[in-house]
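> One letter stands for each residue in the lines below.
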Amino acid sequence: MNPSRRSFLKTSSLLGTGLVLAFHIPQAAQAAEAVMAPEVNAWVVVRPDDTVVIRIARSEMGQGTLTGLAQLVAEELDCDWARVTTEYPTPGQSLKRNRVWGNFSTGGSQGIRQSNEYVRKGGAAARLMLLQAAALAWDVPMAECDTGKSVITHKVSGRSTTYGAMADAAGKLAVPSDITLKAPVDWKLAGKRLARLDTVDKTTGKQIYGMDLVLPGMLNAAIKDCPVFGGTLVGFDDQAILTLPGVKKVVRVGSSAVAVIADTWWHAKTALDALPVQWNEGPNAKATSSQFAEVLKAGLTQESAVVGNEAGNAKEALTKAARTIEAVYSYPHQNHATMETMNATALWTPTLCEAWVPTQNGETAFNAVVDASGLKAEQCELYKLHLGGGFGRRGASDFVTQAVQIAKAMPGTPVKLIWSREEDMAHGRYHPVTQCKLIAGLDEKGELSALHMRISGQSILATVAPEKIVDGKDPGAFQGLNSPGPEASFCYALPHLLIDHAVHNPHVPAGYWRGVNLNQNTLYVECFIDELAHAMGQDPLALRRKLLAHNPKPLAVLNAAAQRAGWGKTAPKGIFRGLAQTMGFGSYVAACAEVSVSTEGEIKVHRIVAATDPGHAVNPQQIEAQIEGSFAYGLSAALYGACTVKDGRIEQSNFHDYPVLKLADMPHVESIVMPSGGFWGGVGEPTIAVAAPAVLNAIFAATGKRIRDMPLKNHSLKMV
Amino acid sequence: MTQLNVNNALRSVDAEADTPLLWVIREQLGLTGTKYGCGMALCGACTVHIDGVATRSCVRPLSSVAASAKVVTIEGLSADGSHPVQKAWAALDVPQCGFCQSGMIMAATALLREKHHPTDADIDAAMTNICRCGSYNRVRAAIHAVASGSLSGAGLKIQHADGSST
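So the sequence lines, in the order shown, correspond to chains A and B.
Residue 596 in our numbering sits at position 535 of the first sequence, and the numbers go up by one each step.
Residue 714 in our numbering sits at position 137 of the second sequence, and the numbers go up by one each step.
Cross-link-like lysine-lysine pairs, in silico, DSSO-like; alpha carbons within 27 Å at most: (1) A/Lys723 with B/Lys734; (2) A/Lys267 with B/Lys664; (3) B/Lys734 with A/Lys253; (4) A/Lys665 with B/Lys692; (5) A/Lys253 with B/Lys664; (6) B/Lys734 with A/Lys210; (7) A/Lys249 with B/Lys734; (8) A/Lys358 with A/Lys774.
Just so you know, the hints here were simulated from the structure itself, not pulled from any lab data.
Let's have the full structure, built from the sequences with the hints guiding it.
In structure tokens:
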């Protein structure tokens, strides 16, 4: 039986809403048909008609994880791909089954690389159980039986049967533990350029996102949180709006927000806009970005800092250097600006609480439901919906907590909370703000001998999990700057290296923003390396090659991108090239951007050649889509992305003052997916980090101007 | 009650005259394929056709839509995803998260109706919808694919479950 369906039926019938749902969720509809189909194991359900339902614990938010994970399970299951469908197990069921589906977290480009082994084993175990069931039915040795495209055959006797016919018996067998996985070289489904499983409903309007959910008797809510972070709600005059159309109730949400509940969201939002609200804006009421920039600037030269990577003695080497080169960079706050604004739907009664949430982490969202509901975990459940973009924002559960708090004011009635775009801009979990000072030393021969990189700025952990900060260190701040390792290393070899972090946190909350700290760290390193190459009179590619000579993987992607782009050969008239490389999320990436700058200062990014070595490539056409998407996201950040603070609040409110890249400005992207095997790297994020530095380095090549603080919209490149 | 012609059906809706068409479509008519993204006609997620013209419904008051005007939403483009633009979108796996794609498809359909063989510049000018996932290059490729009638011309080599390749 399908757990999410079973749970929903049980809980909803308690409320007397019965089995009739006024909405269409493909997943739920499929699950209804699957009620009679037993699971073979936790990962695989096979229906009598041979439809294979693969359970996916991670969330689909556009990155293609749903299809990639299904490919990996199906590969080992040896089933008919044309009959594969998917469903999300629920966090509540996971809890009851001892976390049989593992981690639900969908961030850090980890969906596939962190779970590939156990989901493949799930598929392989299900195959063995189906095989064993057939062998038992035929009373023949399992070794004489084989599988292919959901069919089990016994060649000796010429018998065959299907997975659908054997599923019931297979599900009663013990799950085998001794599993040998296929070598990637033998893959038939994984590694192929398969079409996504979730495309068609996204072309017809049938895909139900959290914002689209309709439940029987549901009301809608709009919310306004104190615009100044750290402020509180003093009061509101609900009498002023209670007579407006559709308004049901005005409720205080937590200590700092107010929500209007109405029949429709438009009524709720309109009434909220008319509601007189009094805030206590608290100690940050006068804070500005420029004030905080001074704090960060001081941090660039302060004595104490947390060391992230150290080799030799960089400070001493710098004092002995024949020549030093220095530069200061900065990177602003940015909002994720998912196309679907934050939303969640909750139903609360004194004995149960259910929530429907587009979340990147079903388990933490479930915990938020439990906490906010005041009920026990076994009285709660959470159903995931596909996300209209996540990019890290939906790893947080602030909006889930709010939805449950609002639903508690309307016991027995489901309430859908939707944030307006303005609320979404004002209450993000922003890309951390940092500055960086880099000092390089050259020896008498003009060779690079030492580098000190001082980061001054915000720690994400300080917002999301301060308890994980040990000895003042947020390890994630050094993403892409770490000593050699499998996740996010600094790849260049330098005799003396010191990378340290002066932690300074503003009152603006930070979050994991697609690409995370790799974005600014790579920008700082790759632009500065470019500066050094020019100062040393060396070709930027040649210098990078020299510093990567010991490190074949990053060298290979760099060479691939440079070669395909034609580095060293004459570019078309007016076109200039820039390079960048980095290692993050377990993968190696490099890019060469081709840019022109008009005499009026207009930047045009014409073409980007990008190379990625993710170790294993599960679906190359989707990796290409992720690479292209990474440039759209990274170029949006480089060209326009900045959230600034005035009077303690974020100044930007919508896409007119927080512009993002549009189709006309999207460069042609040539992707080189070059998996070298032997490791599993992520693909959703690393390429974002090379977008800005490759373009900035090309802009320098075009104009001789070195842009060191983001975004580009704040600078004039007009030729004078 | 206000009369509307949506997807070739006459519908009566009970909403204030200043209610944006978007919210009438979503909340009164239950057609949730049309999305809210910004409320200021900036992102295009709410794009529908009014008498064949791509229109951002989030800023169109209900009172400005005549009963005789023909409103078409993504659900009305075809009953089964068989419109050539939808087929091209599926063939090239254009959507990522997909939230902006109803608006993209409605904008592309209006463009292709006006210009059967749009140039890249035509596409740049017409397709001002925002996609945060970055599906733009596949959007462009899909529009060209519809115009050329060749779904494999984009060279993506996508393998479909029915054995075809695009």
